[in-house]
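Enquirer: Chain by chain, the residues run as shown.
Number of protein chains: 2
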Amino acid sequence: MPPIAEKLIEDDVPAYVLNLAQAAKEASAVIACAPTARKNDALREIAAALRTASADILSANDHDVAAASALEPALVDRLKLTPARVEAMAQGVGDVADLPDPIGEITDLTYRPSGIQVGRMRVALGVVGIIYESRPNVTADAAALCLKSGNAAILRGGSEAQHSNQAIAACVRSGLEAAGLPAAAIQVMATTDRAAVGHLLALSEFVDVIVPRGGKGLIERVSKEATMPVIKHLDGVCHVFLDDAADRDKAEQIAFNAKAQRFGTCNTMETLLATPTAATEVLAKVCTALADAGVELRGCERARAFHPEMTLAQESDWYEEYLGPILAIRIVDDLTAAIAHIRQYGSQHTDAIVTENVSNARRFLSEVDSSSVMVNASTRFADGFEYGLGAEIGISTDKFHARGPVGLEGLTSQKWIVFGDGHIRQ
Amino acid sequence: MPPIAEKLIEDDVPAYVLNLAQAAKEASAVIACAPTARKNDALREIAAALRTASADILSANDHDVAAASALEPALVDRLKLTPARVEAMAQGVGDVADLPDPIGEITDLTYRPSGIQVGRMRVALGVVGIIYESRPNVTADAAALCLKSGNAAILRGGSEAQHSNQAIAACVRSGLEAAGLPAAAIQVMATTDRAAVGHLLALSEFVDVIVPRGGKGLIERVSKEATMPVIKHLDGVCHVFLDDAADRDKAEQIAFNAKAQRFGTCNTMETLLATPTAATEVLAKVCTALADAGVELRGCERARAFHPEMTLAQESDWYEEYLGPILAIRIVDDLTAAIAHIRQYGSQHTDAIVTENVSNARRFLSEVDSSSVMVNASTRFADGFEYGLGAEIGISTDKFHARGPVGLEGLTSQKWIVFGDGHIRQ
Numbered sequence: 001m002p003p004i005a006e007k008l009i010e011d012d013v014p015a016y017v018l019n020l021a022q023a024a025k026e027a028s029a030v031i032a033c034a035p036t037a038r039k040n041d042a043l044r045e046i047a048a049a050l051r052t053a054s055a056d057i058l059s060a061n062d063h064d065v066a067a068a069s070a071l072e073p074a075l076v077d078r079l080k081l082t083p084a085r086v087e088a089m090a091q092g093v094g095d096v097a098d099l100p101d102p103i104g105e106i107t108d109l110t111y112r113p114s115g116i117q118v119g120r121m122r123v124a125l126g127v128v129g130i131i132y133e134s135r136p137n138v139t140a141d142a143a144a145l146c147l148k149s150g151n152a153a154i155l156r157g158g159s160e161a162q163h164s165n166q167a168i169a170a171c172v173r174s175g176l177e178a179a180g181l182p183a184a185a186i187q188v189m190a191t192t193d194r195a196a197v198g199h200l201l202a203l204s205e206f207v208d209v210i211v212p213r214g215g216k217g218l219i220e221r222v223s224k225e226a227t228m229p230v231i232k233h234l235d236g237v238c239h240v241f242l243d244d245a246a247d248r249d250k251a252e253q254i255a256f257n258a259k260a261q262r263f264g265t266c267n268t269m270e271t272l273l274a275t276p277t278a279a280t281e282v283l284a285k286v287c288t289a290l291a292d293a294g295v296e297l298r299g300c301e302r303a304r305a306f307h308p309e310m311t312l313a314q315e316s317d318w319y320e321e322y323l324g325p326i327l328a329i330r331i332v333d334d335l336t337a338a339i340a341h342i343r344q345y346g347s348q349h350t351d352a353i354v355t356e357n358v359s360n361a362r363r364f365l366s367e368v369d370s371s372s373v374m375v376n377a378s379t380r381f382a383d384g385f386e387y388g389l390g391a392e393i394g395i396s397t398d399k400f401h402a403r404g405p406v407g408l409e410g411l412t413s414q415k416w417i418v419f420g421d422g423h424i425r426q
Numbered sequence: 001m002p003p004i005a006e007k008l009i010e011d012d013v014p015a016y017v018l019n020l021a022q023a024a025k026e027a028s029a030v031i032a033c034a035p036t037a038r039k040n041d042a043l044r045e046i047a048a049a050l051r052t053a054s055a056d057i058l059s060a061n062d063h064d065v066a067a068a069s070a071l072e073p074a075l076v077d078r079l080k081l082t083p084a085r086v087e088a089m090a091q092g093v094g095d096v097a098d099l100p101d102p103i104g105e106i107t108d109l110t111y112r113p114s115g116i117q118v119g120r121m122r123v124a125l126g127v128v129g130i131i132y133e134s135r136p137n138v139t140a141d142a143a144a145l146c147l148k149s150g151n152a153a154i155l156r157g158g159s160e161a162q163h164s165n166q167a168i169a170a171c172v173r174s175g176l177e178a179a180g181l182p183a184a185a186i187q188v189m190a191t192t193d194r195a196a197v198g199h200l201l202a203l204s205e206f207v208d209v210i211v212p213r214g215g216k217g218l219i220e221r222v223s224k225e226a227t228m229p230v231i232k233h234l235d236g237v238c239h240v241f242l243d244d245a246a247d248r249d250k251a252e253q254i255a256f257n258a259k260a261q262r263f264g265t266c267n268t269m270e271t272l273l274a275t276p277t278a279a280t281e282v283l284a285k286v287c288t289a290l291a292d293a294g295v296e297l298r299g300c301e302r303a304r305a306f307h308p309e310m311t312l313a314q315e316s317d318w319y320e321e322y323l324g325p326i327l328a329i330r331i332v333d334d335l336t337a338a339i340a341h342i343r344q345y346g347s348q349h350t351d352a353i354v355t356e357n358v359s360n361a362r363r364f365l366s367e368v369d370s371s372s373v374m375v376n377a378s379t380r381f382a383d384g385f386e387y388g389l390g391a392e393i394g395i396s397t398d399k400f401h402a403r404g405p406v407g408l409e410g411l412t413s414q415k416w417i418v419f420g421d422g423h424i425r426q
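Protein chains in written order, with this note's numbering: chain X, 1 to 426; chain A, 1 to 426.
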């Protein structure tokens, strides 16, 4: 797509968005069948372009950061690029080139009694819309994942990162063109008009799936308005359950790590559950370590006996995704009660049991209906890189299509393929 | 669920539907973790109950058929049960017991550099809503598939089959109870109030996916109103393309079989495409055979040269799913033109190429973006039984989640499972 004058875009936003979507759909037919080598060439060209244009990107970013000075510091930090962050972005795009190409993979090819041979072939979804906030690196990450998975993409970043995103978009465009792929395969919206998102969400004829990445407000708005499927991540109310048969050291280490290794991530533990026995053995020590790390403790009546500064948790605490240095703690009678608690208050994101008892582990794995269920490991492992996906476009808390960390495979589908030798149905 | 007095149901349909959905959600937690043997016991008990209650089911069906006498004969035929059809229904339910249980299957369990072991476990979706028309056998089929795949189900049949469906529902209920599973796991709506469907489609909190089975009107209404994901099947505008390199015999047999083996099915060919060379070699013979079988031929100008009675196709014919003895025929210059035609007019259901040229076959497989793509086989093979799924709940023309024939696996999802030995994130 040739650059369009800004004036024209703002004059008719619906027409602009429709034009983007049509161009994306057209490009998706090319990108869906593009040879692996060509997609990888494009990714390497994009990485090179990001490195070459580093100064331009940083200068565009200065522009955004200056305009954002009134925003809260955490937001400005997410927005801010440095030479190291641009290099990491280029590195990330190059890494996607090194991942195996999921497209065209044929599996389960077997002969049927009729004589036909039936299997499945992995294919792109089509056009992926990504709506995100503040972090400009998402522009490069998302472009790389969509390109590698054979999808066209329409990227819509936050208005606060508009100059940075456009500078990165120029690199993506030049990389695609250098590799002989249509530039419209990855388009970054050139308008910050808030209504443009609404127009995009109405175009289910051209856009096959939407991935919102950002705060809860954004995700809820997108889920509500989208007329196409959404890969969305709502709350991460993650639990660690210390079973009667928990190993003391593992319990202490996992409970501490799941909360304190990083406070603001969606796979951070928000509620610690423990049986009375496990609590007696390790809870005091865990609470002291967490309190020393600056974590505020809110517990049920029984839990409060294990730490002097623990306040009484309210019913609402069990539902809370704190995303910060606060932990809810509850003593539950046994595994059954722990599973019931997780079912009632959890968000089906990530939950872990600490136990040496294999029957309890098996039951927890089977009965806890979350996108990641863990035995004797920290919830902080719920992550595309840790799972070996190479990269992730997001974490899905839905069950339909993709669940948990979504990598390249989550951006694909499978079609059936049939080989015969003149076979007809009897 | 205990039977509810009809008066009560009709007095407050929204409350009745909400009650069904809540009961289904509750039962889904039990059925999702039910042991394979217990689910199979229930299926065999249901099959036995259907056989035992055959006379009752037939008498309820007589009731429906008598009331339906004003409807068109094809509809009455779909509605009508016979002793053989009841036996086939029981047989079908028993066959599902013999299928492998998808739930709990663990795949891709590998060690990561961090030392954790990561894999996936197949799990149920939760509560499946099935909305269907006329055929009472769907009640038993859908109940069996949902039960085996660990889902609770809410079944809503057509009002014209209400007595038949309730008689079958009684067998399902008694089978579940005999196996010690909650009867609320499979509920058949006891109201024929049209508004009940609307109430159900609003309950995304309790119903995880909706499968409409029936005419286009039903499917469009459900897709429009549903607040949860829909596994839907819209048009089946299927193509067979006779390539330059088509084998004559295969071309003739496949073209005839794809159209004439059965006219009214969604995987029946609706448009035949041929290159000029292929047309010269086989089209006259194919057209004669089809015309002799009662098929009306509508072709492009060039195609009309090959059969005296072929009428001129209109632009609208290329989009048409006739579901009857009519065929559109078009001469296309080459493979590229054939793929372009299928992309423009097709419905992404099932498309086949007849060719001996391996490069053309590979290109067709890669570039035709349909749920089933075939080489040298009749489109009529696009079917859950033919593909080895054992049974199918429908055929999806969407790309998201499930594509093509949907069997047990399409009613499931996968969660991530992680095993550690006290592993924490660094």
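Simulated from the structure, these hints should not be mistaken for lab results. Any given hint could turn out to be false.
Where chains are identical, the list cannot tell them apart; a pair therefore holds if satisfied intra-copy or between any two copies.
Unchecked claim - Keeping only pairs whose Cα atoms sit at most 30 angstroms apart, straight-line, the calculated DSS-like set for lysine-lysine is: (1) K224 / K285; (2) K232 / K285; (3) K285 / K80; (4) K224 / K25; (5) K216 / K80; (6) K216 / K25; (7) K80 / K232; (8) K232 / K25; (9) K285 / K25; (10) K25 / K80.
Enquirer: Each hint: holds or not?
Expert: The hints, checked one at a time:
In the homo-oligomer, the alpha carbons of K224 and K285 never lie at most 30 angstroms apart, since the shortest distance is 44 angstroms inside one protomer and 55 angstroms across protomers. Taking the closest pair of Cα atoms, K232 and K285 never come within 30 angstroms of each other, the shortest separation being 37 angstroms inside a single copy and 54 angstroms across copies. For a Cα distance limit of 30 angstroms, the shortest separation of K285 from K80 qualifies neither inside one copy, at 39 angstroms, nor across copies, at 70 angstroms. Taking the shortest Cα distances, K224 and K25 sit within 30 angstroms of each other both inside one copy (23 angstroms) and across copies (23 angstroms).
Proximity of K216 to K80 under the C-alpha cut-off of 30 angstroms is restricted to the intra-copy arrangement: shortest distance 22 angstroms within a copy versus 52 angstroms between copies. Proximity of K216 and K25 under a CA criterion of 30 angstroms is satisfied in both settings, with 29 angstroms inside one chain copy and 26 angstroms between copies. Taking the closest pair of Cα atoms, K80 and K232 come within 30 angstroms of each other only inside a single copy of the chain (25 angstroms); across copies the shortest separation is 45 angstroms, beyond that limit. When the C-alpha separation of K232 and K25 is checked against a cutoff of 30 angstroms, the pair qualifies both within a copy, at 22 angstroms, and between copies, at 22 angstroms.
Proximity of K285 to K25 under the C-alpha cut-off of 30 angstroms is found in neither arrangement, the shortest distances being 57 angstroms within a copy and 39 angstroms between copies. Within a single copy, K25 and K80 get their C-alpha atoms no closer than 33 angstroms, and across copies no closer than 46 angstroms, so neither meets the 30 angstroms cut-off.
The structure fails hints 1, 2, 3, 9 and 10 (numbered hints given earlier, in ascending order).
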